[in-house]
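Colleague: Assemble the complex: chain C is given as a structure, and chains Y, S and B must be docked to it using the hints.
Taken in sequence, the protein lines are chains C, Y, S and B. Per this note's numbering, the very first residue in the first sequence carries number 1; after that it's consecutive. Per this note's numbering, the very first residue in the second sequence carries number 1; after that it's consecutive. Per this note's numbering, the very first residue in the third sequence carries number 1; after that it's consecutive. Per this note's numbering, the very first residue in the fourth sequence carries number 1; after that it's consecutive.
By construction, these hints were calculated from the structure, which means they are not laboratory data. Incorrect hints may have been included.
Intra- or inter-copy, both count: the list cannot distinguish identical chains.
[What the hints assert, rightly or not] For lysine-lysine, the following DSSO-like pairs were computed, each having C-alpha atoms within a straight-line distance of at most 30 Å:
no., residue 1, residue 2
1, Lys-250, Lys-221
2, Lys-250, Lys-51
3, Lys-254, Lys-51
4, Lys-254, Lys-56
Below, each chain spelled out in residue letters.
4 protein chains.
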Amino acid sequence: MTKVSIVGGSGYTGGELLRLLTFHPQVEIHQVTSRAHLGEYIHQMHPNLRKISQLKFSDPGQLEPVDVLFLAVPHGEAQKKIQEYAGLAGKIVDLSADFRLRDPALYEKWYGQVHAAPQWLEKFAYGLPEINREAIRKADYVSGVGCNATASILSLLPVMQAGLVEAGAAVTIEIKVGSSEGGASVNAGSHHPERSGVIRTFSPFGHRHTAEVIQAFGLEKLWLTMTAVDLVRGALATAHVQLKPGVAMKDLWKAYRAVAQENPFVRLVNEKRGIYRVPEPKVLAGSNYADLGFALDEESNHLVSICAIDNLMKGASGSAVQCMNLMMGWDEMTGLEFPGLHPA
Amino acid sequence: MTKVSIVGGSGYTGGELLRLLTFHPQVEIHQVTSRAHLGEYIHQMHPNLRKISQLKFSDPGQLEPVDVLFLAVPHGEAQKKIQEYAGLAGKIVDLSADFRLRDPALYEKWYGQVHAAPQWLEKFAYGLPEINREAIRKADYVSGVGCNATASILSLLPVMQAGLVEAGAAVTIEIKVGSSEGGASVNAGSHHPERSGVIRTFSPFGHRHTAEVIQAFGLEKLWLTMTAVDLVRGALATAHVQLKPGVAMKDLWKAYRAVAQENPFVRLVNEKRGIYRVPEPKVLAGSNYADLGFALDEESNHLVSICAIDNLMKGASGSAVQCMNLMMGWDEMTGLEFPGLHPA
Amino acid sequence: MTKVSIVGGSGYTGGELLRLLTFHPQVEIHQVTSRAHLGEYIHQMHPNLRKISQLKFSDPGQLEPVDVLFLAVPHGEAQKKIQEYAGLAGKIVDLSADFRLRDPALYEKWYGQVHAAPQWLEKFAYGLPEINREAIRKADYVSGVGCNATASILSLLPVMQAGLVEAGAAVTIEIKVGSSEGGASVNAGSHHPERSGVIRTFSPFGHRHTAEVIQAFGLEKLWLTMTAVDLVRGALATAHVQLKPGVAMKDLWKAYRAVAQENPFVRLVNEKRGIYRVPEPKVLAGSNYADLGFALDEESNHLVSICAIDNLMKGASGSAVQCMNLMMGWDEMTGLEFPGLHPA
Amino acid sequence: MTKVSIVGGSGYTGGELLRLLTFHPQVEIHQVTSRAHLGEYIHQMHPNLRKISQLKFSDPGQLEPVDVLFLAVPHGEAQKKIQEYAGLAGKIVDLSADFRLRDPALYEKWYGQVHAAPQWLEKFAYGLPEINREAIRKADYVSGVGCNATASILSLLPVMQAGLVEAGAAVTIEIKVGSSEGGASVNAGSHHPERSGVIRTFSPFGHRHTAEVIQAFGLEKLWLTMTAVDLVRGALATAHVQLKPGVAMKDLWKAYRAVAQENPFVRLVNEKRGIYRVPEPKVLAGSNYADLGFALDEESNHLVSICAIDNLMKGASGSAVQCMNLMMGWDEMTGLEFPGLHPA
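The following block holds chain C by itself, in its conformation from the complex:
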C-alpha cells in the first residue's frame, strides 16, 4: 500500500480527501493533521466517517515521511514550507492556490503579493488532467485547481481545443456556486438566515481564479462573474463566447464529443427531452464528473457553453486524487467511482 498523509484535514477539502482516500484501494492514510483539532477523531469534524475510520488528527509539526503528501492548508502557507514538505515525500499534491500559476508576475497581479517560493512554480504541474494529463503523469509536484477555474476551463475546452473561437473574443463566464465554496469557517454572510435563499452576485469580476483560465487559454478579454445561490455543493459555469464565422452545430458536436471521449470524467449532456437536458451540479454531489453542454445562436454565432461540477470534487479533492492516480501510474478513475445521487 502506498502511504499518504494530509496536511490540514479539518476543512472541507481535507474532509473530502479523507473520504476518498479512506476507500481508495491503493493507499493507506498515514497521518492527517489539524492544529485546532489535535487528538480528536476525524469523525468529530467529518461525521460521515464515524465508525468507518478510527483515525485521529495529528500534530502538523510532527509529519513523517510518506509516499504522497496532500496539502490542504490555507492559501499562502504551502509556499512558505514547500522545501520542508518536499523533504518528506517524493510526490506532493497541493490543493491551495500557491502553485497553480507558473508565472510569478501573474501570481503577483492576481494575489496582490510577491510569491514566497517563485523557483518552485515551474516544478509544479497544473493539476487539471483534462488540460494537462501528460505533464501530471510525469510530475512529482502537482498543484490543485480553483473550483471556478475548473468549471470555466472545462466549459471553454471543447471550443478552444478545436480552434472555434474568434481571436481576441470577449468571454464572459457566469458562475453560480454553493456555500461550501466558502470553506468551513463561519462568517456573518454564511449565517443560515442570511445565506439561505440568496442569489448574490458577490464578485462581478476580479476573482482570483480568473488567472488560471487566462493561463490555460491566453484569453485577454475575460470576465468571471460569481453568484452565490442556495446549495451546499456545486458550481455551474455558463460561458458566453463569440465563435468564428461559419462554425456550425456539427463542428460543436464534434468538439464536445472529442473532449468527452478523451476524458473519462467528462460527460456531454445535451438532451432534447426529459428533466435533465443540460448539465446540473445537483446530480454531481460527491462525484468527480464534469458535465458539459452547449447551445448555439446560429444567427449570431453566439455560443453558450455550460459546465457543472461538484466544487469540492472535480473542483478540488477529486481532481487531486485523480492527479495522484496519474502520478502513480494507476487507473485514472481509481477510488473516484461514486456517480452522485438521484434524486438529491
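Modeller: Same frame as chain C, now just chains Y, S and B:
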C-alpha cells in the same frame, strides 16, 4: 403620534419591531439603539428598510423619555436595568425572557440563576394576548413570549380552555423550527453548509420555553422537543395529548372554533382537500397569525393538535406590537395586517 | 371605492393581485374568476388570505361591469376576448404577454404566431412605470410586464438613459430565477425532489421576454440567459455591457442615482461593507422594490449591472397595481408599501 | 457473476437499486423494466448513471430467468404476480409493501383491502436485517421495509431488545421526512413553490408503516406522526417512550452500544460537543447507515430516542441490497460502502 423607542435594534426581533413600527399608523419611532452599530443607518442591518427609513442607531446610554419602550436586548439584561427603563417610559414591552415568569422559583429552576429583580415579576403581564388579553390591556409592563412557548400554548389552548384534557395527562410537544430562532449571531452550527438541509433534534427536552407552558396551564408532565429544519422563519408545534374519555370530534370543533372566534389572529385550518389542509408556517412568514389544526384518533382519544406561527412575529415582535395596541387602547390588529405570502 | 375585478385568480399572479387589492385602500374587489375553482373560497388556493377575505371564485362567463379589470389569464387568451373585456371596464390591466409588444411583427417573431388582435397593440401602454410612466398615466389599457424583461430593462435603464453604452454593443444578461416564475401548474421538472437545489440553465437564449428588452432599448445584440435556482420568489439579472470609452465611476453613480431618485420603487444598493452590499431578491419577497447595483472594470470599461426583483411583484402583480395607481391618479405607491422581510 | 433483474426501474427506489447494483462487485444487472420508458437508456431517468451504464429499460412482459429478482413496482402489484415472479428467480426481494406483514388481518386493517396472495405472506422474511438477520439469511423471499417503519423500529430497537420499556407504555414517534419519500410522481403538493420550505404534519396518525412497527414489537399504544420538511432525502424519527422505573443512563448506553456493535450499519451518535451531536439524515444521503441517539429525562424516565436514515437507502433500496448480500452469503456490507457526504 405616540413616541416609541427600541433598546437593541440590530438583531432579528429588533429588526422586526422596526419594520412593524415604521408602518404603524399610531406611532413614531424616536430612538433605536445599538452599541455595535452606533451611528449606522438601520438599513445597514435591515436591508428591507432601505429608502423607507432614514433612522440611525443611537447610543443605548443616551435614551430619552418616550411613551412606550420596547426592550429587545439579550436575556438577562433587562432585569438589571428595569428600574432605569421604568423611569423613561410609562409603558414597557420587554421581548426578552426576563419577565415572562411570575414565580422567581420557576425562573431560577429553568434559567439556572437567581432573578435580579424578582419584585418586578408580578408587575409584568405575560404578553400573549390569546391567554392574557384583559391583563395586558390594563398593564403598564408586558413581557415578551418565547416563540416555542407561543406555539405550544396555542396548540393546547382550545382543549385546555374547554377542559377536555385528562387530569395529569402526559403532554409531548414536538416543535420544528427555522434558523432565525437562533438569532442574528453566527455560530459554527449556523454556518450554511452545516445548517442547510438539517433535521436536527437539538433539544430533546429541558428547553427553557417549557416553563411558560407550565405557567400557562399547570401541566406536570410536559416535554417540549425541539427539532431544527431547513427554513428561516417559522415554528410548528405538534402536540400529543390524551383527552378525557368520551370527547368527540364535535367537542373539538367547538373548542377550536371558539378560540378562533375570540382571537383575531388565530385561524382554524382543518381542510379535507387542497394543498393547505393543516397549519403551516410557510404561509405565515411576516404575518402575526397563528394557525391551529387538529386530528383525533377516536379509538384511543389521542389528540394531535398543531399550531403554526412565524417565530419572529406571533412568537416575538408581532405579539409585542399586539400587546402595545392593547395597552394603548387601539385596535388589536393595527399595523399587523400583513397576511403572509403565497407562494413563498 | 373603485370597483375592480380579476379574470383568472387561481394562479400565482392572480393570487398576488388578490393580496394587494384586498388591502388597497381605494378599491373594492367585485369579482375574481376561476373556472376550475368556481364557488370555492379564494383562501382554498391562497391560504394566506384565510379569515381575511370571504371572497369566492366566480364564473368567468358572468363578468359584470367594473371600473378596472385585471386580466391574469394564460398567454394567448386575452387577445381573443379583448373586445368583450373592453365593453366591461373603462380601464384594463392585462398581466399576460398579449399586449406588451407594439409591433405585430415583433410579436410574431418571438411568440411564433400571428397576433389575434393586432389593432389593439397600439392602444396598450407597456406597463413598466419606470420607462413609461407618463403614457401609463394617460392610458386606458396597460399591459403587464415579463418578469425577466423587468429585471433586464431596469438593470440597463441607468446606462441607457444616460447614454453611456457603446453603439452596437453586445449585451449579455444572465438571469437567475426562483420556481414561482413557472406558475402554479405542476410539471415533471417542478417536482420538489427534482427542482430542489438546482442550478439549471434552462434557456441559454431565445427567451420570449427578450423582445420586451429589444422594444425598450432597440438593442441588436442581446442575449438573455435564464438559470433556475433554489428559491421560490425572486429574479436577479446580471447584465454585462461594454460602455463607451471614458465613462468613469462618477458617471455611473450619477446615472444610477438619477434612476433611483426618479422612481419611488427603485433603490440603489452598492455598499462597501455589511452582508447586503449588492441587490438580492431574498429581501424583496412580497415587495414592489427593484434594487439596482453595479461594478465597473475600469481597465476594460466592462460594466456589470445588477437588478433584483420579486418576479411576482415588480415583475408582475406589483407593477400592475402600480400602473392602476397611475391610471387612476392615485399615489403611485398606494397599497404597495410592504418592504419585504429580513431575515427571510 | 450473479444475475439480477429489477422489475420497475424508473422510480426512485428502482433508480437507487440501479446505482447500487451497477457498482456491486458480485452481480450483473440482466434486465431492468419500465413500461413507460421502454427502450430508453436508464440515464434518461437517472442522470447520475450517464456514461456509467449503457443499460436500457426493457419490457416487463419479457422478463427472463435470473438468480435474484428485485421488485420495485407500486404497492399492490407484486401480490398479483408473485407466482409468476417466483417462476423466474429462486430469490426475490420485493421492495413494495405487499409482503411486509405476516398476518393477513393486519394487512387488511392497515391497507384497507384483502391481500391477493395471503398464502405467500409467511414465505417472506421481513427485510430489516437489524431485527431479522438470521431469517433473511435463510430466506428465498424477502420483503422490503417501509422507510418510516425502519426509522421507527431502529429508534426503539435498543430499549425493546434490552427490555427497558414499561409494559403497555404509550409510544409516540414523530417522523420528519424529505420529499423523495413521496416517490417520483409529481402532484399538486410536490410542486416546488408549494413544497419548498414546508413544515407540514401531513399524517397525524394512521400511517400504514405503523403496522410494521406493531408487528416488530407488539406495541398496542403507538402513534406515528409524519411531518414533511424541506429536504429531498432523509427521515428522522424522534421517539418518546416511558421507560421502566429505575432505568439509568448506563443501562441505555449499554443497550444502544449493543445494537451498534451487532449491526454493521448502525452507529451510535451521542456527542457532548461539535456540530453533529445527534443523529441527522443530512450526512446520510446515499449511505446505508442508520444513526441512533438518545436522551433521558431522569426525573420522569421519559426517553427521547432518535434515528436518522436515508429513506431511499436504509429505508428502501440499501436494506434490499443488504438483504441480498445476506441471502447470498456475501459480506453484508458489499456494495454499500458509500459513507455519505460532508458537507452536503
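Colleague: Kindly indicate which numbered hints from before are broken by the structure, ordering the numbers from low to high.
Modeller: As far as the earlier hints go, not one is violated by this structure.
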